[in-house]
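With the sequences and hints as input, model every part of the structure.
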Amino acid sequence: MSEENIISVHNLSKVFGDFTAVNTISFDVKKGEIFGFLGANGAGKTTAMKMLIGISKPSSGDAIVAGFDVKTQSEMVKKSIGYMSQKFSMYDDLTIKENITFFGGIYGLSKVQIKEKTKKLIEELQLEAVASKLVGSLPLGWKQKLAFSVALLHEPKIVFLDEPTGGVDPITRRQFWEMIYAEAHKGTTLFVTTHYMDEAEYCDRVSIMVEGKIEALDTPKNLKKQYNVDSMNAVFLKLARNIE
Amino acid sequence: MKRFIGFVTKEFYHIFRDKRSMFILFGMPIAQIMLFGFAITNEINNVNIAILDQSKDNETHKIINKISASPYFHIEQEINSEAQIESIFKKGKVKAVLVFQNNFIKDLQTKKQAKVQIITDATDPNIANTITNYINAILQNYLLENNAINQPNYQIQTQTQLYYNPELKSVFTFVPGVMTVILMLVSAMMTSISITREKELGTMEILLVSPLNPLQVILGKVFPYIFLSVINAIVIVTLGVFVFGMPVQGSLFLLALESILFIITALSLGILISTVSNSQQTAMMLSLMGLMLPVIILSGFIFPISSMPLPLQIISNIIPAKWFIIIIKAIMLKGATIQIIWKETLILIGMTLFFIGLSIKKYKIRLE
Amino acid sequence: MRTILFIIQKEFRQIFRNKAMLPIIFVLPFIQLLVLSNAASFEVKNIKFSYVDNDHSAASRELISKFQSSSYFVMVDAFSSKKEANVQMQKGKVDVILEIPNHFESYLVADKKASLAVSINAIDGAAAGVTNVYITQIINSYNQKTQSKLYQYNDNSFVQPQSIITIPSFWFNNNLNYKTLMVPGILVLLVTMLTLFLAAMNIVREKEMGTLEQINVTPIKKHQFIIGKLFPFWVLGLFILTIGLVIAKLAFQIPIVGNIGLIYLFTAVYLLVILGLGLFISNYTDTQQQAMFIAWFLTVIFILMSGLFTPIESMPVWAQQITRFNPIRYFVEIIRMVMLKGATFSDISTPFFIIAFYAFAINGLAVWSYKKTN
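First to last, the sequence lines map onto chains F, S and B.
Using the UniProt record's numbering, you'd call the opening residue of the first sequence number 1 and step up by one each time.
Using the UniProt record's numbering, you'd call the opening residue of the second sequence number 1 and step up by one each time.
Using the UniProt record's numbering, you'd call the opening residue of the third sequence number 1 and step up by one each time.
It should be emphasised that the hints constitute simulated quantities derived from the structure, not laboratory data.
Don't be surprised by glycine CBs; every beta carbon is placed ideally from N, CA and C.
Treat the hints with care, as some may be off.
Derived pair list, reagent style SDA-like, types lysine to any residue, alpha-carbon separation capped at 25 Å [to be verified]:
hint	chain 1	residue 1	chain 2	residue 2
1	S	LYS91	B	LYS19
2	F	LYS71	B	ASN283
3	B	LYS19	F	PRO139
4	F	LYS213	F	SER59
5	F	LYS133	B	ASN283
6	F	LYS87	F	ALA131
The following label-pair restraints were derived from C-beta to C-beta distances [unchecked claim]:
hint	chain 1	residue 1	chain 2	residue 2	range
7	B	PHE239	S	LYS111	56 to 62 Å
8	S	LEU207	B	ALA20	20 to 26 Å
9	B	ILE243	S	SER210	32 to 38 Å
Put into C-alpha cells, the structure is as follows:
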C-alpha cells in the first residue's frame with residue numbers, strides 16, 4: 001500500500017430538499033487499500049458513493065477520484081473506476097458471454113481483449129458450463145461474482161462495490177472476499193459499502209457513517225481499541241447509541 | 001376480509017400516488033371527448049375546390065355563385081387549363097375541380113342539355129363521392145328553379161324522419177365509441193401491466209405465499225381499476241349529456257350495470273393477457289398493439305360493421321367492444337330496456353366467463 | 001463508433017431473445033394491416049330496408065322494386081303497420097322504413113302530387129346522411145321516369161326540361177377503392193405505434209431494472225448511448241414499412257405511383273421524430289407503465305387528429321392549426337401523395353422540412369434531458 005491518496009473527499013454534502021443525506025464528510029483513501037464504508041441502512045452510504053462515481057452531483061464540497069474532480073470531470077472519473085451496485089445490474093436476458101462482450105465493448109476494449117478476458121473470466125469463475133446461459137437463470141451468488149468480474153474488465157484503478165454480498169450465503173461471501181483480496185494484491189483500490197460488520201474486519205480501514213456524517217475512521221484494530229470492545233459490531237452499536 | 005381490504009387499500013395507494021399516470025387516466029377521456037365533440041367530424045364542409053370555366057357565361061356564373069354560397073365548398077381558385085389539374089391535385093390544394101365545357105349556355109338553351117365534368121381527387125373515396133353528390137344536388141336544384149319557370153312538374157314529396165339522432169350529430173356515435181375504447185384499453189392494459197409488474201419485480205411470489213389466496217390477490221389488484229373505470233365512464237357520460245346534449249332515453253341504472261359488466265369483461269381480458277406475458281413490456285405491447293386498432297376499427301365505433309366484407313363481419317363478433325357499443329347506443333339513444341339487449345348482455349357475460357376460465361387454466365398449468 | 005455498435009448488438013440480441021415479443025413485433029402488425037384495411041371503410045352498404053305498403057298499387061310496387069334492385073339496400077321484410085316496423089328498428093333489425101300511404105298512385109296521377117314517408121335510423125349520423133342521399137336518388141329517378149311516362153299520356157304541351165349531364169371522374173382511384181386510402185394510412189399507424197411504444201419503454205425499462213445505473217457509471221457518451229439504443233428501432237420501423245409496402249402492392253394491389261425512394265427518405269426522417277419523442281417520454285418517466293400511458297395518450301390524439309379517418313378540412317380552424325404539430329398527419333399526407341398521386345420532392349418539400357425540423361428539435365430536447373448525472 002502506498003501513501004498516495006487516490007480518493008480525497010473534502011466537506012462533501014448532498015441535500016435533497018430539506019433533507020441532508022450526506023453532511024460535510026471528509027476522508028482520504030489510499031491507493032491499493034480496501035476501504036470499508038460502513039453505516040446502517042439510510043445512513044447515506046449509497047448517496048455518498050454515487051457522488052464519488054459521478055452519477056450524482058454534490059450539493060457542495062469537493063471530491064477528487066483517481067485524479068479527477070467528480071464535479072467537473074465525471075466522465076474522466078468513470079473511465080478509471082469500476083462499479084457494482086447493490087441491485088444486480090447485468091442484463092438478465094443476455095447470456096454471460098454477451099454481457100461480458102457488451103460491457104467490455106462500451107469500456108472500449110478491443111475484440112481480442114474481449115475474447116481473452118471472456119475466456120479468462122469464465123475459467124476463473126468456473127462458469128464454463130453455463131457461459132451461454134441467460135444470466136437471469138443463474139443463482140444470486142454466481143451473478144454477484146460475475147458482476148464483480150465485469151466491473152474489473154477494463155482494469156480500473158478503483159472499484160466501488162455497493163453492498164456486494166447482500167443476500168448471499170456465507171460460503172459465497174467468503175469466496176467473494178477472496179476475490180476482493182486477490183484484486184487488492186494487484187494494486188487495485190477497493191471501496192466497499194456493507195452493513196455486515198464481520199466483513200468490516202477484512203478491510204484495511206473503515207469509516208462508519210451515521211445519519212449522513214462520518215463518525216469514525218480508522219483501521220478495525222484501532223477502532224476496537226478506541227471503543228474498548230472486541231468486535232466491529234460492538235463498535236458500530238456503541239456509535240449508533242451515542243448518536244441517539 | 002380485513003386482510004383483503006388492507007391489500008386493496010395498498011393497491012389504491014400505489015395507483016393514486018402516481019400523479020402522472022392519474023393525469024393521463026382522467027385526462028384521456030376528457031381530451032378525447034372534447035376532440036370528437038368539437039374538432040373531429042366525418043361530415044364534409046369547407047372543401048377546397050377549383051373551377052375551370054371554359055364557357056364563362058351568365059349561367060355558369062350563376063352556378064358558381066350557388067356553389068360558393070354553399071357551406072360545403074370553398075372555391076380556392078379558378079384555373080385556365082386542364083393541364084393545371086394534375087399539379088394542383090398533387091400539391092393537395094384542392095379536392096375537386098368543376099369543369100364547364102365551351103358553349104355551356106348555348107347547349108343548355110338550344111340542345112336542352114349541357115355537360116359538366118366533376119373531377120375529384122379520389123384518394124379519399126368518401127370525400128370524392130360526397131363532393132360529387134353535393135355538386136350534383138346543387139346542379140339539380142339550379143335546374144329545378146330554371147325548369148319551374150317553364151312548366152309545373154309532377155312531384156313526389158318525401159317526408160324523411162330521422163330517428164334517434166334527428167340532427168345527425170356525429171358526436172352521438174363518438175361518445176359511445178370513445179367510452180368503449182377507453183374502458184377497454186384502460187382496464188385491460190392497467191390490469192395486465194400491474195399483474196406482470198409484480199411478476200417481474202418478484203413481488204408476486206411474496207403475495208402468493210401470503211395468507212391471501214390467489215383469487216384474493218387478483219381481485220385485490222383488479223378492484224381499484226373497476227373503481228377508476230367507473231369514474232371514467234361517469235365522466236364520459238356526463239360530458240356527453242351536458243356538453244353535447246346527448247340524451248339518455250333509457251334507464252341510467254341499466255346503463256351503469258352494463259358499463260360495470262363491460263369493465264369486468266375488459267379486466268378479465270387483462271388478466272388473461274397477464275397470464276400469457278412474461279414481462280410488462282409484453283403485456284403492454286399485447287394490450288396496446290393487439291387491442292387498440294381492432295377496437296377502434298372493428299367495433300363499429302368509426303366504420304359501420306354492416307358495410308364490411310362478410311368474413312370481417314363475422315370476426316367483429318369476437319370483439320367485446322362491438323357488443324358494448326350496441327348496448328350503450330341502444331340504451332342512451334333508443335331507450336332500450338333489458339328485453340331488447342338481453343342477447344348482447346349475455347354475450348358479454350359469456351366472454352367474461354371465458355376469459356376468466358382460460359386465465360385460471362393457464363395459471364394452473366404454470367403452477368404445476 | 002465502436003461503442004455504438006456494441007449497444008446496437010446488445011439491443012438486437014434483447015429484441016430477438018424475447019420470444020413473447022417477436023410475434024407482437026413481426027406478425028401482429030401485418031395481420032392487422034391485412035384485416036383492418038378491409039374493415040376501414042366509410043362506404044355505406046347493406047342498408048337494412050323495410051317497407052309498409054298501404055297502397056298495394058302498381059306504382060307502389062314499382063317503387064319498392066327500385067329499392068330491391070339497388071345494391072345499397074338489403075330487403076329485410078315488409079310490415080303491415082308502421083308500429084310493427086318501429087319495434088324492429090328499435091331492436092336494430094331495420095335501418096330504413098319506407099311508408100307508402102293509401103291512394104299513393106291515384107293522388108300522383110290526379111293531383112300530380114303524392115307523398116312518401118321515410119324513417120331512417122340516424123344514430124350514426126354520417127351513415128344516415130349517406131343513406132338519405134341514396135333514398136333521394138332512387139325516389140328522384142323514379143319520379144323522373146313516371147314524369148315522362150305520365151306526360152306522354154296526358155299533355156300535349158310538353159316542353160322538354162333542361163338537363164345537365166355530370167360526368168364524374170375519380171382521379172387516382174378510379175373505382176373508389178377504400179383500401180387505396182386505408183392501407184397506406186394503417187401502415188403509417190402501425191409503423192408509428194410500434195416504434196413509439198418500443199422506444200418509450202426501452203430506456204425506462206433499464207431504469208426500472210437498475211441496469212441504467214450501471215451504464216451511467218461507464219464512460220459512454222450520451223449521444224453514443226442514445227444512437228445505439230434508437231438505431232435498432234429505426235431499422236425496425238423501416239423493416240415494417242418495407243413489408244407493409246409489399247403487402248400493399250401484392251395483397252391489395254395498391255398502386256405505388258411515386259418514387260419509392262421518396263417514401264423511404266421521408267420515413268427515415270419521420271422515424272427520428274417518433275423515436276426522439278419516445279426517448280423524451282422515457283427520460284421523464286420512472287416506470288414503464290407511466291411511459292406507456294403517455295405514449296398511448298399521444299398516439300390516440302395523434303391518430304384522431306391525423307386526417308386518417310376523418311378529413312382535416314372539416315375541422316374548425318383552431319383544430320386544423322393543432323394538426324400542424326402532429327407528425328402522423330404529415331406522414332399520412334405524404335405517403336398518400338407519393339404512393340397514390342406520384343407527388344415529387346418539390347410537392348412535399350414543405351412537410352418534409354417541417355418534419356426534419358421536428359426531428360432536430362425533439363432529439364435535441366431528448367438528448368439534453370437525458371441525464372447521466374442527477
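- Item | Structure-inconsistent hints, enumerated in ascending order | 1, 5, 9
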